[in-house]
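Asks: So the chains spell out like this:
2 protein chains.
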Amino acid sequence: MNIEFAERMNHVQKSFIREILKITENPDVISFAGGLPNPDSFPIKAIQQASEKVLADYGSSVLQYSSTEGYLPLREYIAERYYQRFGLSVEADEILITSGSQQALDLIGKILLNKGDQVVLERPGYLGAIQAFSIFEPEFQSVALNDDGIDLNQLADTLKVHNPKLFYTLPNFHNPSGVTYSAENREKIAERLKQHQTILIEDDPYSELRFIGEDLPPIKKFLGDQSIMLGSFSKIVAPAMRLGWICAQGELMEKLIIAKQAADLHTNYYSQRIVHQFLTDNDLENHIEKIRQMYKQKRESMVAMIEKYFPKEIKSTQPEGGMFLWVTLPEGMSSLELFDLAAKENVAFVPGDPFYVNGENVNTLRLNYTNSSEAMIEEGIKRLAKVIKQMLNHVR
Amino acid sequence: MNIEFAERMNHVQKSFIREILKITENPDVISFAGGLPNPDSFPIKAIQQASEKVLADYGSSVLQYSSTEGYLPLREYIAERYYQRFGLSVEADEILITSGSQQALDLIGKILLNKGDQVVLERPGYLGAIQAFSIFEPEFQSVALNDDGIDLNQLADTLKVHNPKLFYTLPNFHNPSGVTYSAENREKIAERLKQHQTILIEDDPYSELRFIGEDLPPIKKFLGDQSIMLGSFSKIVAPAMRLGWICAQGELMEKLIIAKQAADLHTNYYSQRIVHQFLTDNDLENHIEKIRQMYKQKRESMVAMIEKYFPKEIKSTQPEGGMFLWVTLPEGMSSLELFDLAAKENVAFVPGDPFYVNGENVNTLRLNYTNSSEAMIEEGIKRLAKVIKQMLNHVR
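So the sequence lines, in the order shown, correspond to chains D and A.
Per the numbering used here, the first sequence starts with residue 753, numbered consecutively.
Per the numbering used here, the second sequence starts with residue 753, numbered consecutively.
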C-alpha cells in the first residue's frame, strides 16, 4: 500500500536526542546527554501514600472520566502558588491541566499557527518546542541569547520585519543554554511586545530549581494577557505523571480547552488527584529545597571539574539553577565530531546542532548535571577533556 | 489584543455533549446522556494494591520519564491478547500506548490528513472522531449504518467517487447506535477497501463488553496492514487512567511515534505500570465478566422499560453489548425539541444531531444504560415516555 502522509509531517524530525539516548543505554557510558531529573529526588513514599489515600477516601470517583480543564483544587493550588511566588493574580479558570508541558506546546501550535506563520525562538532554542510547532508548518526566526537574556535589538528588528504570531521563551535556566533572563531584560521584552500583536509563550519548567540568587518575576507580570505561561510538575514531583499546565486568559483559554478536549478529553485524573493529595499532605517547599541542594552540589561539582580538566579555550555557562550547562568550543570545532569521538571514550552529551533551526555543525553542546553522581561527573568530564584536547591538537 | 487563531479552529465545535452534561449536574435529573462506565465496575482495591506494589518493587523507575512507544510488557500484553481473542498476529512493536483512544484519533488525523482530504464516517458517527478529525480540515462523507453494519453499496460508491484517505468505523456496539457489524459485513468491507488506498480506522473501545452472542473478528483480520486498530482500557479498567493504544504497522507506526513524541513525549508511565501490574496480578477475564453481567442486566432493564412505557411508534436498537441504545422517533419529530421538554421533566439523553456531520433536527437519540440503577432506568424511561406522548399528541 502506498500511503500519502499529511504534508505537515515533512517538517518534523524524530528527536535527535532520542537517537543519542540509544548510545547511552550502554551501562559503561557516562551520559550528560539526557534531560532527566535525578530519581533520588522523587518522593516515592509520599506518592505511595497519596495514591492509597485518594482511593480510600474518594473511591471510584478518582477513576472515572473527568473535566477537560482539570481537577479544580489542583488548578486553584497552581493559581495560588503564582500569587505567592510572584504576586501574580491568576484565577483557577485561567489554568488548564495538560499531559505534561509538551502537550501545552502542541495545543498552542494547534490553535494559533497557520502554515507560514512566523514564530520567534531563542538561538539556541528548546528542541521540544521546535518539534511541537514544526507540525503546524510555521516559519521560524531565531534571536540570539546573550548572558542576560534575549538580544533586545535583534528582537525589535525581528518583531518589526516579520510580525510574528508567537515568541517562545524559556527565561529561567534555559534549555539548552542554562541562561537566565535578567529582570531588566524581562521588562524590556514586555515593552517591545506591547507594540505588536505577538503572543509570548513563557515556558517555565525549571524556575523552582533555583539554587543561587532569587526568583525573578515572569514576563507575564509586565505583559498581562499577551503572555501564555507554561508550568510542569515533572521536575518538582515526578515526570512519569505527565502533569503540566497552561496559564492563559479569555479567548485563548476557550480555544485551548476545545483543542484539549479533541486531543485526549482530559489529563489522567487519577494522577491529578494523587499529585493534589501529595501537595496537600506534604511540605512542597521543603521537598523542593532538598532537590535544590542536590542539584546545586552537582552543578558545583561539574563547574569545578570543567575548571580543573578542560583546556582554557573552552567556555561554559554557570547556571543559577535548572539542569543544564552550555559549552562553547573554539570557533570551527564541530560538536558533532566531538560527539563521535566521545562515544568511543564512553561519554555522551547533546551536540548543539538540533537546538538551532538552521544551524549546522555548530561548536556548542549541552551538558546535564542532575542525573549523575559526583564521581561520575568527575570521570565523565575527565574523559571529555581528553577528547577535546585530542581534537584541539588535531586542529592546531 | 486582537488574536488571529489558526483557521483549523473554525472547523471544530465545543462538544454538544459537554453542554448537555451541565444540565445533568442537577441531582434531580436522571441522565441517560453521558457515556460513562458504571463506577461500581472499577477495581478500586486492586488498583490500590497495584499502585503500592509498583512503587514498592520498582521504586523511582516508575516515576521517571519513559519511552514514547509505551511500557514494553504492557504492549506485549495487548499484542498477546489480540492473538488470544482473534488469532490476530501482532508484534509489541506494532502497539503504541496513547493517552486514551481519543489521542489516537488526534495522532492519526495529524499524520494523514491534509486540508480537503476525504474522510468517510458512519451515519450516525462517533462524535469524538468528528471532533478530532475536524481540526485537520478534511471533507466528511457519511455512509448509512444498517442493522448489520455499513451499507455496502453506499460504501462502494463513496470509495469510487471520493477516493477517501480514511474510513473511520466503530464496528462493535457502535457509539451512538449500538449496532454491531456482522461477520459477513466485515469481510465485504475488507474486499471493497482492498481495491482502494483508503486506510480503515477500526475503533474498538467496547468489544470486550459483549453480553450476548460471540466475539466477531476485527476487519483487520481480513484487511491486514490497511487497517489501524484502536483500543482502550477505559471501559475494562478505568477511564481516569487515560490509557489507550494504536495497533498499526510499518511507516504508519513510525510517523505515529514521531507525532506522539511531539504531542506529549509519552503516556503517563506510572499509570501504565499500575495497569500492567493490575493485569498481571488479577484475572482480567473474571473482572470483565462481572462488568458484562452488570451491563447485561441494565440493558435488559432498559429494553423492557421501553417496551412497557414507550408508544409503539418508537423504534429502538437492542445492542448485544456496549453502553448505548439508539431510539428513532416518528418521522418529523425533533429529538432536540424532545430534549428541551425532557429537561423540564428531569430526564436527559443525547439528541442525535451532533452525530451527523450535516444533519439538522433529526428524529434520533442516544440512551446510555450503564451508569443508572434499574430503579432509575424505570423512572427515567417513564418520564421520557410521558414527554414523547405529549409530543406525539401535539403532532397529531
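Incorrect hints may appear among the rest.
Heads up, the list lumps identical chains together, so a pair's fine if it works in one copy or across two of them.
The calculated DSBU-like cross-link candidates involving lysine-lysine, where the alpha carbons are at most 35 Å apart (straight line), are [stated by the list, open to error]:
#1 Lys-805 to Lys-774
#2 Lys-797 to Lys-1138
#3 Lys-797 to Lys-946
#4 Lys-1134 to Lys-940
#5 Lys-973 to Lys-1096
#6 Lys-867 to Lys-973
#7 Lys-946 to Lys-867
#8 Lys-1134 to Lys-805
#9 Lys-805 to Lys-1048
#10 Lys-867 to Lys-805
#11 Lys-912 to Lys-867
#12 Lys-1042 to Lys-797
#13 Lys-805 to Lys-1042
#14 Lys-774 to Lys-1134
#15 Lys-912 to Lys-1141
Treat the hints as calculated values from the structure; they're not laboratory data.
This structure is a prediction, so every number in the text was calculated from the model and none was measured.
Asks: Evaluate each hint against the coordinates.
Replies: The hints, checked one at a time:
For a Cα distance limit of 35 Å, the shortest separation of Lys-805 from Lys-774 across copies, 29 Å, qualifies, whereas the shortest one inside one copy, 38 Å, does not. For the identical chains of this complex, Lys-797 and Lys-1138 are neighbours neither inside a copy (42 Å) nor across copies (56 Å), given an alpha-carbon limit of 35 Å. Within a single copy, Lys-797 and Lys-946 get their C-alpha atoms no closer than 47 Å, and across copies no closer than 54 Å, so neither meets the 35 Å cut-off. Within a single copy, Lys-1134 and Lys-940 get their C-alpha atoms no closer than 41 Å, and across copies no closer than 66 Å, so neither meets the 35 Å cut-off.
With identical chains, the CA atoms of Lys-973 and Lys-1096 are never at most 35 Å apart, being 48 Å at best within one copy and 47 Å at best between copies. Taking identical chains as interchangeable, the C-alpha atoms of Lys-867 and Lys-973 lie at most 35 Å apart only when both belong to the same chain, with a minimum of 31 Å there against 39 Å between chains. In this assembly of identical chains, Lys-946 and Lys-867 lie within 35 Å of each other by CA distance both inside one copy and across copies; the values are 24 Å within and 34 Å between. Taking the shortest Cα distances, Lys-1134 and Lys-805 never come within 35 Å of each other, neither inside one copy (47 Å) nor across copies (40 Å).
In this assembly of identical chains, the alpha carbons of Lys-805 and Lys-1048 lie at most 35 Å apart whether taken from the same copy (33 Å) or from different copies (32 Å). Taking the shortest Cα distances, Lys-867 and Lys-805 never come within 35 Å of each other, neither inside one copy (47 Å) nor across copies (48 Å). With identical chains, the CA atoms of Lys-912 and Lys-867 are at most 35 Å apart both within one copy (20 Å) and between copies (31 Å). For the identical chains of this complex, Lys-1042 and Lys-797 are neighbours both inside a copy (15 Å) and across copies (33 Å), given an alpha-carbon limit of 35 Å.
Proximity of Lys-805 and Lys-1042 under a CA criterion of 35 Å is satisfied in both settings, with 24 Å inside one chain copy and 26 Å between copies. Taking the shortest alpha-carbon separations for Lys-774 and Lys-1134, only the intra-copy value of 22 Å comes in at or below 35 Å, while the best inter-copy value is 62 Å. In this assembly of identical chains, the alpha carbons of Lys-912 and Lys-1141 never lie at most 35 Å apart, being 44 Å within a copy and 66 Å across copies at closest.
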